[in-house]
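Participant: These protein sequence lines are chains G and X, in that order. Going by the numbering used here, the first residue of the first sequence is number 1, and it counts up by one from there. Going by the numbering used here, the first residue of the second sequence is number 1001, and it counts up by one from there.
Quick caveat, the hints were computed from the structure, so don't treat them as lab data. Check the hints yourself; a few may be wrong.
[Said to hold, decoys possible] Coverage of chain G stretches by chain X, computed from C-beta distances (three or more under 8 Å per stretch; other residues unrestricted):
1. 25-38
2. 65-76
3. 131-141
4. 176-186
5. 228-240
Remember, it's a predicted structure, so these values are computed and weren't measured experimentally. All C-beta atoms, glycine included, are put in the ideal place defined by N, C-alpha and C.
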Amino acid sequence: MNHILTYMTFIPIFGMLVVLSLPSKAHNLIRWTAAGITVPPLLMAIWLFVNFDRAEAGFQYVEHYRWIPSFNIEYFVGVDGISITMLLLTALLSFLCMFASFGIEKAVKGYFAMFLLLDGAMTGVFVALDFFLFYIFWELMLLPMYFLIGIWGGPRREYAAIKFFLYTLAGSVLMLLAMLVFYFSAPVHTFDMTKLMALHGAVPYAHVLWIALFIGFAIKIPAFPFHTWLPDAHVEAPTAISVILAGILLKMGTYGILRINFGILPQPTADLSYYFLGALGTFNIVYGALCAMAQTDLKKLVAYSSISHMGYVMLGMASFTPQGIQGAVLQMFNHGTVTAMLFLLVGVIYDRAHHRDIDGFGGLASIMPVYTGVTGLAFFAAMGLPGLSAFISEVLVLLGAWQKYPGLTVISASAVVLTAGYLLWTLQRMFLGKANEKYLTLPEIGARELFTLAPLAVIVVILGFYPHAVLDLMSASLNNLNALVLAQRIALQ
Amino acid sequence: MTAGSLQSLGYILPELILIVTVLAVFIADLVSRNQDRGGELALAGVAVALFALSRLVGTADGWLFGKMVVHDPFALFFKLIFSLAALAAIWMSLDSKEITTNRGEYYGLLVSSTLGMYFMASSSNLLMAYLSLEFVSLTSYVLTGYLRHDRRSGEAALKYLIYGGVASGAMIYGMSWIFGLTGSMDFAQINAVLTQANPNKLALFIAVVLTLTGFGYKIAAVPFHMWVPDVYTGAPIPVAAFLSVGSKAAGFALLMRFFYPALSQLGASGTWRILPGVDWPQLVLVLSMVTMTLGNLTALSQRNVKRLLAYSSIAHAGYMLMGFVVLSNEGLRAMMFYMVVYYLMNIGAFLVVMIVANATGREDIDGYRGLAWRGGAAPAVALAIFLFSLTGLPPLAGFVGKFYLFAAVVRQQFYFLALVGVINSVISLYYYARIVRTMFLDFPEGGEAPVSVGIHSGALMWSLCAATIVLGIYWAPIINLADRSLQFFTG
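Using the sequences plus the hints, can you model the full thing?
Facilitator: Laid out in structure tokens, this is it:
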């Protein structure tokens, strides 16, 4: 198991080649092959979850090879408490989304090939410890995503796909420049992130670089004012791709900030992110919730709720308290599971009614009781109801933030009312009241659909009672990172 | 080493082979009824020349023919690119539906043009530089106007000729000033004189700017780029591909040899110092930024794929110039590496354009609608790979090329230039992706001709595609080759 991270990254990428070599008419063969290819990474993720050394703050399962020696570029992967949760989430959601994609009928081979490439690239982003390698995987995600939204998406797919592509590329080229400045400021030129971290931010124009990197990552989160690609991309993307977008791609923004902005540039982080990051997070929470409230398209509502929920992550990170930062990463994980459920549920109803207009339903509770039950669970989880996972992470974030910014915390906590407002109102409009005549014959949620939702629901419930299952994984690394930034802050004062 | 005339012949064996090839092609054209013979002979001749080139690797550097021509690894590297470009162009021409009449002459001219490029890369004397540049230009004019009954082709050739005449006139006037100031046409001698004497700065400035006109015209840099869109649109597609890579590379070879060993001095740790007098890096810095920005912005609104690729080729001249202005060996090495990847992706893109034009007769973007869904999945995928590589997305070779350019720029702390460069990359994504969108995201409306790939074109297309991907993942051999080849012989 020394090469477990390499296997997890490259099994899907080689799987893509396998899928491409299958006959394009054999749809079921392609579907099951693609789904089968995501099983080994999932099993490895479970193995990692069991065997991960929770006391170790540094990187584990490290692999280190020379790649381009003349430029000191290395193949360097490893996992620590910050990335392990994201790695688990990636493996789980990729596996489930394969099954959620079985309904795709157009160019099936291309779809699953692209999906597997995306899967491999996402895993690569979370395990890469060489900045160059990180950048390659980061960009490698764009191509399959562009095609997945652009070919298999909704009516405005072309616009949404290119908008996503242009926004993300604009962010990542800024990262490219920052990466090169890092490279040349190391005494022995290197892209090795652990060595770059050892520089303790001794790079020229560190604050400018921090902002450049932050913009790159903020586009991915997406933080106001770089968020406008998200509703378009989400609404147009096919269900499984929306799940991947919201569940994993958004987390890369906050992961990047933790790994690179916090890790490599602790000094500018201490200078710039006090208030700025927290205030931005709070603004996102309120702004996302207000926008969500105004939506009539269910998918758009979930998209805006993502913006709102990612605000908690930013607020938690900005607090620089152990609770806040752990709450932030836990929220990344919980949002990944909860929002995945929400998008899958949107997909279920869309496949039946062929529209997503919230006001166009009514009384679904009597027509599809099981579906209503699962949706209720997901909605309550998104609302942060005690006993479900998101409650723990939001409370941790607010607890952490309270110690530093009481004002922002009060605003953020009050926004929970807005969240409850739009979710309950949606529940009422769609599921309660008089049943819509048109939809009396809608079939109940199917076994395959339930299969994609059930593991997520179980995780949501378990983590509501026993968050330590995930918190233990990350606390050592996160406390270390937090101490690193705090040391700069204390030095400043 | 200074070789005598007779001894020099051994070092220009590849050139001699090309001359023999040209003659053989012309004779075969007269003797044989089968016009395809010319193409096959040309292909074989260039391949043999390429082999002869490889035998010259590692031989002693030196002056040939009374310091007119220089034999060094730098020249060999560029000759390698010209040969590959010629091979690809001839290979494409064999499948082209445009090249139908007078094929013997056509292949002869193509090989002659390659010969001229060989000398451009190895000339070490202003006179030789001028002669070889004119030789390449003249053959290119004829190749551009090759489609005699096509008005666009004729118009393109005439425009090319007129712009070329003006540019080379300005250049030779500038060269005469340099001769007047230094008393020599020999690059090494010019360098020696400028290092010691302190010439009139204004005069030297005028001379350098005028000389730059001729080189800038060859590499298609703004403001000497006006001929490019018309020529690429009007010329037969294999010729446009050949010019966009071969001619540009030849221009860069001459530009690098004149401005670096002749007008600068190699300092410590691989950085160069300009000689007192003209601050040409500042000038070229502005040209570089304007070239890439103008090329990319104009490409945004193009409807013809060849014209779009023409503007993209202008933009790429701007990218490559980034490596030129930073005065470091890293910059030059990045340019040389970029030349190789540019060869792969640009020839590849033109090749797919030719495949589509052969099948449908169309060169406008609308002709690509739903290409992937009407039997043309292979060329569509290949073109997408080439275009994303031109954009500079990993894991494709174009990204690595740009990465080295940006690395050289950031290393020398030209941060603003780097920023302009990356913003341009984002802009370029929009128009490259527009073609990809038309091929994949739009669906055929019915009535479009199906597209199939011939075995020749297919083989070349997949080889270029494979190379674009492989070099994007493991490029150490090529960057090492560029590193080893970055040696100017200066006596």
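Participant: Against each hint, give a clear statement of whether it holds in the structure.
Facilitator: Hint check:
1. 25-38: violated (count 0)
2. 65-76: holds (count 5)
3. 131-141: holds (count 4)
4. 176-186: holds (count 6)
5. 228-240: violated (count 0)
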